[in-house]
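Line by line, the protein sequences are chains A and B.
Quick note on the working numbering: the first sequence kicks off at 1 and runs consecutively.
Quick note on the working numbering: the second sequence kicks off at 1 and runs consecutively.
Don't read these hints as lab results, they were simulated from the structure.
Keep in mind that the hints are not guaranteed to be accurate.
Identical copies look the same in the list; a pair holds intra-copy or inter-copy alike.
Subject to a maximum C-alpha distance of 16 Å in a straight line, what follows is the list of computed EDC-like cross-link-like pairs (lysine to aspartate or glutamate) [to be verified]:
no.: 1; residue 1: Lys280; residue 2: Asp230
no.: 2; residue 1: Lys367; residue 2: Glu248
no.: 3; residue 1: Lys331; residue 2: Glu304
no.: 4; residue 1: Lys367; residue 2: Glu247
no.: 5; residue 1: Lys201; residue 2: Glu157
no.: 6; residue 1: Lys75; residue 2: Asp328
no.: 7; residue 1: Lys165; residue 2: Glu205
There are 2 protein chains.
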Amino acid sequence: MSCISLLGSVVWGGTGSVPEVKEGITEVDEVVLPSWVIPVDTDKVLSDHAVIVDAGRIVDVMPADKVATQYSGRKTTSLPGKALIPGFVNAHTHTPMVLLRGVSDDIRLRQWLETVIWPLEHNFVDEEFVREGAELAILEMILGGVTTFNDMYWFPESLCEAIVKSGIRAAVGIITIDFPFGKYGTGPDDYFSKGKAAREKFLNEPNISWTVSAHAPFTCSDASLEKVRDLSNELNCPVHIHVHETEEERVDSIAGNRSSMSCHQSDEKCSPVANLRRLKLLNERLIAVHMVWLSDEEISWCAEAKASVVHCPTSNLKLASGFCRVSDLMKAGVNVALGTDGASSNNTLDLMAEMKLAAILAKAVGKDAEVVPAITALRMATLNGAKALGISKVTGSITVGKDADMIAIDLSGPSLWPSPTLPNAASPSMSCPIAGFDPVSHIVYAAPGIK
Amino acid sequence: MSCISLLGSVVWGGTGSVPEVKEGITEVDEVVLPSWVIPVDTDKVLSDHAVIVDAGRIVDVMPADKVATQYSGRKTTSLPGKALIPGFVNAHTHTPMVLLRGVSDDIRLRQWLETVIWPLEHNFVDEEFVREGAELAILEMILGGVTTFNDMYWFPESLCEAIVKSGIRAAVGIITIDFPFGKYGTGPDDYFSKGKAAREKFLNEPNISWTVSAHAPFTCSDASLEKVRDLSNELNCPVHIHVHETEEERVDSIAGNRSSMSCHQSDEKCSPVANLRRLKLLNERLIAVHMVWLSDEEISWCAEAKASVVHCPTSNLKLASGFCRVSDLMKAGVNVALGTDGASSNNTLDLMAEMKLAAILAKAVGKDAEVVPAITALRMATLNGAKALGISKVTGSITVGKDADMIAIDLSGPSLWPSPTLPNAASPSMSCPIAGFDPVSHIVYAAPGIK
Numbered sequence: 001m002s003c004i005s006l007l008g009s010v011v012w013g014g015t016g017s018v019p020e021v022k023e024g025i026t027e028v029d030e031v032v033l034p035s036w037v038i039p040v041d042t043d044k045v046l047s048d049h050a051v052i053v054d055a056g057r058i059v060d061v062m063p064a065d066k067v068a069t070q071y072s073g074r075k076t077t078s079l080p081g082k083a084l085i086p087g088f089v090n091a092h093t094h095t096p097m098v099l100l101r102g103v104s105d106d107i108r109l110r111q112w113l114e115t116v117i118w119p120l121e122h123n124f125v126d127e128e129f130v131r132e133g134a135e136l137a138i139l140e141m142i143l144g145g146v147t148t149f150n151d152m153y154w155f156p157e158s159l160c161e162a163i164v165k166s167g168i169r170a171a172v173g174i175i176t177i178d179f180p181f182g183k184y185g186t187g188p189d190d191y192f193s194k195g196k197a198a199r200e201k202f203l204n205e206p207n208i209s210w211t212v213s214a215h216a217p218f219t220c221s222d223a224s225l226e227k228v229r230d231l232s233n234e235l236n237c238p239v240h241i242h243v244h245e246t247e248e249e250r251v252d253s254i255a256g257n258r259s260s261m262s263c264h265q266s267d268e269k270c271s272p273v274a275n276l277r278r279l280k281l282l283n284e285r286l287i288a289v290h291m292v293w294l295s296d297e298e299i300s301w302c303a304e305a306k307a308s309v310v311h312c313p314t315s316n317l318k319l320a321s322g323f324c325r326v327s328d329l330m331k332a333g334v335n336v337a338l339g340t341d342g343a344s345s346n347n348t349l350d351l352m353a354e355m356k357l358a359a360i361l362a363k364a365v366g367k368d369a370e371v372v373p374a375i376t377a378l379r380m381a382t383l384n385g386a387k388a389l390g391i392s393k394v395t396g397s398i399t400v401g402k403d404a405d406m407i408a409i410d411l412s413g414p415s416l417w418p419s420p421t422l423p424n425a426a427s428p429s430m431s432c433p434i435a436g437f438d439p440v441s442h443i444v445y446a447a448p449g450i451k
Numbered sequence: 001m002s003c004i005s006l007l008g009s010v011v012w013g014g015t016g017s018v019p020e021v022k023e024g025i026t027e028v029d030e031v032v033l034p035s036w037v038i039p040v041d042t043d044k045v046l047s048d049h050a051v052i053v054d055a056g057r058i059v060d061v062m063p064a065d066k067v068a069t070q071y072s073g074r075k076t077t078s079l080p081g082k083a084l085i086p087g088f089v090n091a092h093t094h095t096p097m098v099l100l101r102g103v104s105d106d107i108r109l110r111q112w113l114e115t116v117i118w119p120l121e122h123n124f125v126d127e128e129f130v131r132e133g134a135e136l137a138i139l140e141m142i143l144g145g146v147t148t149f150n151d152m153y154w155f156p157e158s159l160c161e162a163i164v165k166s167g168i169r170a171a172v173g174i175i176t177i178d179f180p181f182g183k184y185g186t187g188p189d190d191y192f193s194k195g196k197a198a199r200e201k202f203l204n205e206p207n208i209s210w211t212v213s214a215h216a217p218f219t220c221s222d223a224s225l226e227k228v229r230d231l232s233n234e235l236n237c238p239v240h241i242h243v244h245e246t247e248e249e250r251v252d253s254i255a256g257n258r259s260s261m262s263c264h265q266s267d268e269k270c271s272p273v274a275n276l277r278r279l280k281l282l283n284e285r286l287i288a289v290h291m292v293w294l295s296d297e298e299i300s301w302c303a304e305a306k307a308s309v310v311h312c313p314t315s316n317l318k319l320a321s322g323f324c325r326v327s328d329l330m331k332a333g334v335n336v337a338l339g340t341d342g343a344s345s346n347n348t349l350d351l352m353a354e355m356k357l358a359a360i361l362a363k364a365v366g367k368d369a370e371v372v373p374a375i376t377a378l379r380m381a382t383l384n385g386a387k388a389l390g391i392s393k394v395t396g397s398i399t400v401g402k403d404a405d406m407i408a409i410d411l412s413g414p415s416l417w418p419s420p421t422l423p424n425a426a427s428p429s430m431s432c433p434i435a436g437f438d439p440v441s442h443i444v445y446a447a448p449g450i451k
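Pulled out of the complex, with its shape left as it was, chain A reads as follows:
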């Protein structure tokens, strides 16, 4: 039983062209006819609607019975029993780390990094590792309905080769950290130079966008972070950074405990978020990953600055990092997206699992079963990710004018019965405030993930 058919950019990539017009009927590449369209740019679920695709773009969303009066599709794709949704956006991962999947579990974050992950990476990571790891990761993500991902890893040029080969959309990082790394380079200046060269080489690839990816406040000095900021300004692209992943990172930075490996590399005795704010990095281009430990004031700064947060619940739980205050961030108006993190701390790239976990975990953390309802979780897994990456004009929702990055989710199968296609089990005669079955609930809470 195959539950996800990928219909996204992989199939429909490409740039636009003007549709032909014949006798009032517009000829288009494809008419897609699912049982439901869930655009996610509103809370609406559209039944019996068609999505009209031409030259890789969504050109119309309309009632299915009106299509013939307006469009003629060179291809018609019927998807009975399936919901058409935007492709998932995995807003934080380290794709080549799939090759380290399961190599080390059930140990503490610093020990995990310092005694296992970093030594392995220093010894093994090269162009081939990155290209082959990224290809495997992209395959896993495509099978799981991901059509866009945001990556932070070494050898971005090799990553780009895998992206172009697959047709998936991705944000690639010009990566930096304040120490030499294995076979890649010697330090920030070398990393910036190599990252910018990779960017130049792939600048014309429509599916690739760029970030400046600084590893973390505890591995990047203020001087490096200022260069990151300047490069982000120069290239007009987001800054992608791990922030406040652990309690120690925040506490030790506020205490100025520079002997701690978790303390930020700044002489300022303040939280890393406060320091990023001081350095003018807390702005609408910031993609702050994890953000597990935050005060009310720090949350309000993020909201004011229009920074995005990427929540990685599986990784935060598995590494015992703690609980992100997702509902408080969202109430404050912060854009919260979702990421799987790397496969060595998850251990999958299954964004559907991340979406369910984000929805249910936020309820327990916020002590309120009403927060992060299903449609909000679905938006976090799609549109909010595109917003964080600064590419919501081209992807993240089923909206006219955007690229056709869409997936179909099969809502049949034993774990999805009763299907939303059935008449409401809760009949209108029932004194029940919420009647009937909801395809959004089935997608978020019941649909299986990666095949």
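On the provided structure of chain A, position chain B as indicated by the hints.
Same frame as chain A, but now just chain B:
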């Protein structure tokens, strides 16, 4: 890609017979040859071992290359790339509630029960609802590798019909609550009478065991709980009850706030756990479900009494009930099993997802990434469930003498690569304390669940 082949009691049910002996070679029904055997009764993973099955029972576990000197299988099942593990035990569910899947999400527990679930149940639940719901739920569980489940629901006779039809193993509840329920009955005496009659009818079914299932302290009076205790003593079967699901249940009971719907139905001003202890229900036959809110003293009482706890992490998060202190319970020596709860608060019956969530959530709650390592989570999902149900002599691990309730998990596929079949990526020359890939990690943290 089918990732789980069910080999369990469904295929190999039945009672034992004496194997034939021919010239020093014992003829048996089946020789199973997976890449790994993970018995779970120890931490060991056995490579290149065979499991010998005869008349539905495990008669030997031995190195594969020695099988021919001792056994001749009427059937040989080769499972390359697959791990053979005990079937999962879903230690708490309400199977027919799959028919209410997705009917109501993202609302608070009491509102969910009182305005949606209970009214729907009162109006719709009858023999047919239970039989058809149970059949669907059993199909979902079998596809997810569950070979035993523990159920609490109305019309246990109809549930038994579905169990017998499927061949799955289950513990069925003689259910009670202190109010009339829809089409089923009028109150405790009626429920006990009907439950005992169902038990009598199916007493000779080898795959069915029984519990006395009291709904909860807030719906069962002390007098009812005393009858539950006496019936449990008389029938020598476990008591299955929801306890301390919410903070209000514990706090309001201690305060003696009888106007609260969450307060236990006792005049004792103490926690429900303390009251169960007073009523002599806290013992080795108690299956206490949820146990989200517990003091250190209550945990030590559970350990002393050898009571079992069933942890239902998805349900606890989704209903914002809180965080069970799993690692503290286990450190104290309490047997902790896993349950999906009903599909209207989960919304699946996917015990593999529950197992991963239990492992990672315990780390964040316990603030220690080392607690509940993968093998412990796998044991919670199998053997600990069998122990809770009092049937660990017949199921829950791959142990000689037990029934062959086993499943094979495919460890190939993109989300499981690198496979444990590959040579260690972390070569012995690496200064890495944990080298190589572990099939137990892949099963708990990376394998897909229900197909």
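Verification of the supplied hints:
Only within a single protomer do Lys280 and Asp230 lie at most 16 Å apart by alpha-carbon distance; the minimum there is 10 Å, versus 70 Å between protomers. In this homomeric assembly, Lys367 and Glu248 come within 16 Å of each other (Cα to Cα) only across copies, at 12 Å, whereas the closest approach inside a single copy is 25 Å. Proximity of Lys331 and Glu304 under a CA criterion of 16 Å is satisfied intra-copy only: 13 Å inside one chain copy versus 45 Å between copies. For a Cα distance limit of 16 Å, the shortest separation of Lys367 from Glu247 across copies, 10 Å, qualifies, whereas the shortest one inside one copy, 21 Å, does not.
For the homomeric pair Lys201 and Glu157, the shortest alpha-carbon distance inside one copy (8 Å) is at most 16 Å, but the shortest distance between copies (69 Å) is not. In the homo-oligomer, the alpha carbons of Lys75 and Asp328 never lie at most 16 Å apart, since the shortest distance is 45 Å inside one protomer and 59 Å across protomers. Within a single copy, Lys165 and Glu205 get their C-alpha atoms as close as 11 Å, which meets the 16 Å cut-off; across copies the closest is 57 Å, which misses it.
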